[in-house]
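Here is what each chain is made of, one letter per residue.
There are 4 protein chains.
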Amino acid sequence: MHFASDNSGPAHPKVMQALMEANDGYRMPYGADAEMAAVRDRIREVFEAPEAAVYLVATGSACNALILATLCQPWQAVFCSEVAHIEEDECGAPEFFTGGAKLALVDAPDAMMTPEALRARIDRTDQGVVHGVQRGPVSLTTVTERGTVYSLDQLRGLAGVAKDYDLPVHLDGARFANALVTANHSPADMTWRAGIDAVSLGGTKNGLLGVEAAVFFDPAHAWEFELRRKRSGHLFSKHRYLSAQMLAYLTDDLWLETARAANAACARLVAGLRALDHVELRHPPQANMIYCAFPRGLHRKAKEAGAQFYSLGALDGDDDEMLGARLVCDWSASDENTDRFLKILGA
Amino acid sequence: MHFASDNSGPAHPKVMQALMEANDGYRMPYGADAEMAAVRDRIREVFEAPEAAVYLVATGSACNALILATLCQPWQAVFCSEVAHIEEDECGAPEFFTGGAKLALVDAPDAMMTPEALRARIDRTDQGVVHGVQRGPVSLTTVTERGTVYSLDQLRGLAGVAKDYDLPVHLDGARFANALVTANHSPADMTWRAGIDAVSLGGTKNGLLGVEAAVFFDPAHAWEFELRRKRSGHLFSKHRYLSAQMLAYLTDDLWLETARAANAACARLVAGLRALDHVELRHPPQANMIYCAFPRGLHRKAKEAGAQFYSLGALDGDDDEMLGARLVCDWSASDENTDRFLKILGA
Amino acid sequence: MHFASDNSGPAHPKVMQALMEANDGYRMPYGADAEMAAVRDRIREVFEAPEAAVYLVATGSACNALILATLCQPWQAVFCSEVAHIEEDECGAPEFFTGGAKLALVDAPDAMMTPEALRARIDRTDQGVVHGVQRGPVSLTTVTERGTVYSLDQLRGLAGVAKDYDLPVHLDGARFANALVTANHSPADMTWRAGIDAVSLGGTKNGLLGVEAAVFFDPAHAWEFELRRKRSGHLFSKHRYLSAQMLAYLTDDLWLETARAANAACARLVAGLRALDHVELRHPPQANMIYCAFPRGLHRKAKEAGAQFYSLGALDGDDDEMLGARLVCDWSASDENTDRFLKILGA
Amino acid sequence: MHFASDNSGPAHPKVMQALMEANDGYRMPYGADAEMAAVRDRIREVFEAPEAAVYLVATGSACNALILATLCQPWQAVFCSEVAHIEEDECGAPEFFTGGAKLALVDAPDAMMTPEALRARIDRTDQGVVHGVQRGPVSLTTVTERGTVYSLDQLRGLAGVAKDYDLPVHLDGARFANALVTANHSPADMTWRAGIDAVSLGGTKNGLLGVEAAVFFDPAHAWEFELRRKRSGHLFSKHRYLSAQMLAYLTDDLWLETARAANAACARLVAGLRALDHVELRHPPQANMIYCAFPRGLHRKAKEAGAQFYSLGALDGDDDEMLGARLVCDWSASDENTDRFLKILGA
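Residue numbers (UniProt numbering), protein chains in the order written: chain R, 1 to 347; chain A, 1 to 347; chain F, 1 to 347; chain X, 1 to 347.
Pulled out of the complex, with its shape left as it was, chain R reads as follows (with noise of 0.2 Å):
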């Protein structure tokens, strides 16, 4: 009964054997592997995008704050979430790595930016003042760090406001195949078509052990990218064992398998809960991420079963007051553990 995180579970089985087949003799090193020239093909392919830069590193957090670095000046601010992870839960990798740039922080119910919100954050900024910060690139998140997922027509209209302003966007992509499944529409459809210029493609929380890629739809800062990963120790000297993950990610449409199956087994959970009347929804859950509420009792209970959760609060108090929990699904989840975890909330 795992539900702490999508990055606590296996990796693929396919995604194990390709990296066994890349294994053999030896390849040119720091990108210049067959397998690279493969997954940018691929990735290009996926996003209709034959002009895009594509890298690739190891965690996510390298690839927002290189990214964020390449679209940001040090004395401006990267427009984000109140709750984004960059903001939230990257000790300030963000900062690290544009050289001390400011994130100003946009209300978000459900973690959602509204377009006025957006613009009203960036109308508070004064361009053109010496005074203040600069404004720079708008950062959007989906799937959100609360599950919810942008419809098309959510992130056209908060690019929109961006390009009012000719900011650049960037969008953290961490479970973006989770949010494709949910939306229903194209790679293409839900970046460069709805104005976002920069996106952090997940790989590690669904299905492989630890790949992103970063995809430049205008090539223009590809070389100053390629410095920036070099300089933070994020270019790999035996790089063929990260193309072999995203190869395999990307092959047969893999990736959004597993995206799949996480979405289902979520989906199972949440209407578990959903007929729990001591269960309370805290987000709506669109994708593979759940936050809810329930008794303090019956965290205990279900962690003394094994579930492995987080508990938004302390375990020890009044059995009765309601704890928030948040509950992730991977690709892996079984269904047999999601009815023994909703036998014990229901008991």
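Source of the hints: derived by calculation from the structure; they are not laboratory data.
Check each hint, because a few of them may be wrong.
Which copy? The list can't say, so a pair holds if one copy fits it or any two copies do.
What the hints assert, rightly or not - Below, simulated SDA-like cross-link-like pairs (lysine to any residue); rule was C-alpha separation at most 25 Å, straight line:
id, residue 1, residue 2
1, K163, P50
2, K14, Y30
3, K163, R193
4, K303, A37
5, K303, G25
6, K303, D339
7, K343, V279
The model shown is predicted, which means the values in this text are computed figures rather than measured ones.
Since the structure of chain R is provided, determine the placement of chains A, F and X on it from the hints.
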């Protein structure tokens, strides 16, 4: 005939096997995996350092730069050889991670600093005078960037100079196993007992897919290192896959076995080259890397025959002119390829 | 009728006189001038802090950022008001000097943080968890950015919260003299006795050409500060000209005399504004700065008559609509100008 | 007998007078003062550069570092002499302001780079290879750090090398007026016509209290420079006091008058030293700074008699041993003092 680099070869089968085995079920993320606990214990045992703080990252540049940033203030100088990897091959990673420290270069024949040259360079840095940068860590490399290996006395001598000035000492051990095999001393003797405070313990060039260990013999800086690692995007969520590689590496001394294989292959190559009048060795090859020179025409001939290695200059030009070459043997090098290559050079 | 800012007025004649007198013959450079020794003694006397480390720089942004960089690690957060000068008016100087620290904003009605809001914001910062930035210094401002002044109890309360978490406290005292005159407590009571660790002691806005003093009550960080000051280009070679200004400022309490004059001019203006039905005060004006609102038409009329002040919005629009204004009095403000201005607003 | 530095002497009376006159009434802050408009016009006239972007800061280190940060990317190298002020005397300011660029040192006999040495150092920097830092600006200094002055041909030669590689050129002109007087060419010939892109135009060492001008002949970088200046705390609110100094400096060629006085005093001192058998000149003194050597005993004797200068080594030791000295003349040096000093050395 692959002599381009020890980062171009395959990972060792036992390492791949360990990766497979680590891929069962769920693990705690971010270094809380059971494999990491075992790695920590094993490294402390290998280095006879029960207090050591041990962390894993995926690249050597990250390992070096994170250790240096932890040992160095932004207004200090890092003393290193004029051909140090941190100076020439990391695109300014030390400057980036430290917040703008300066690398103070020390003359180093055969890439080995002398105590006199180090002392002179430190003396040139006015400590306590606000106008210049202050004295910071000393960074040594062994196997050096020219294929030589510091003797135990040399390490003690250089670390002793640093201690005279109360400066911390970092060892870039990207090829530490190869150096150990040559020097034939214990890891403890070659590091903390010689006066070294922190080591970048390499695995990538010696049979892993991509893992290096940062080892601090004094754990005082442990928490700062963890924050710097996270902040720079080098903390892996699915950390088990780093741990499993390093654990396999240190089990049954696989790391020494692969290093011995690489050094033996190199020795065979050296013996063959010495027998050829038209080949000059440029530095004493003491581990698995050779700097030599032979006529340009032979460079072309060897490459046409499929040999891979770095020519230290342009391939087009006078056939008879001596042209430098770098030849590196990895753990998987075969006698057959070595002999084929020697035959071509001998023809 | 100059109410734009207290950085637009002239320097005090006694300060100019001191500059002239300091211009005789030679002096040791870089702060070794005799005037600086006298400044150090005088500030230690004024603050009853015989151990204090004292340094001079030429701008308030440099003083704040250098102190914060000395008190804060790159991976920490600085807790400050949502309208703090360091957040809104320094183009990211704190982020630049600290190497990418994050400013964590605290709700602050009338620009004054409450202990509850500060505590809540600190609690939201997970100390000891590697994913987020860590807790760093608390930065207060008095006179605040909205013209209010913390009472001694308020300062003690906020510093007390910081001490509960073992966090250092910085005071942005760009208008510290004006605050002292209002609060009517000793410099020691308003700073280190209340729990403040370092002060930016402003002079520029209160009669100097351009000098601020960085005062650390604990000299532990002195040498680091000196290196940071030099490294950021803020150490003056002909330092005597900074020293002479600050010495004149603190001689015969000139600093309090000029602050009293500014506050008195402001009180006269406030009294006049209160008498006008169509003028609203937006924050309680407690020193030498007023935030108020009056009909847009009067903004235009006053400016046409030569009044200088900041209108907090566009001048073109409905005449009758209330429009915000910031009015600041400096030490040289004249009753005549104040009364002329009030007459215009009253018409 | 003050030969310690040209930053120890007084400001010129005309400059003090201008400060007094600028202290009447109110001025727009932050560089919007009328004096600054006049400074901008005057510098454009002096340099025959009607498009030039002109900014004032208070220190030479800030001027150099801000210009370099504007011309250099964090992953690039700044090419400069091994004894450049930016390398030896600014505590790493260029590294701090650039975000971690590397200073690549060029051999420079008499502190003057040769085109051959510069070209060789640039060639050693692999452009387009991601492993090393990339080629960035070339930074020259004249008057050099050893008192020599580049001829017009030398400046053209070095700038020409930079242009061959398409690299921008910065001139550290802390003593530019002294160099102009020696070289006897126009400011335009010695800068942009010779291929220099930006100049740090010094005033502090030549009769001002503390002002340097950053001059960009191509205004493309103007706004970036303004943001960097503000962000680093170098934008003065009461800017008029910087403007007034620089305006007086450039009025009626006061800057050349003071430089001529300093150079003449130095020439008198050089003539006297040449007449003394036991004094050796270490570098050709071509402006207002002398590097020489004379017996240690005379160092002590001169200092006991009140002479101030830097001895380049310890004062205690063998009296007869030759010990280096640095002697600098400022605009206010008197023949009487010079002759007194020569008499002591001659005795």
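Looking back at the hints listed earlier, which ones does the structure fail to meet?
Violated hints: none; all satisfied.
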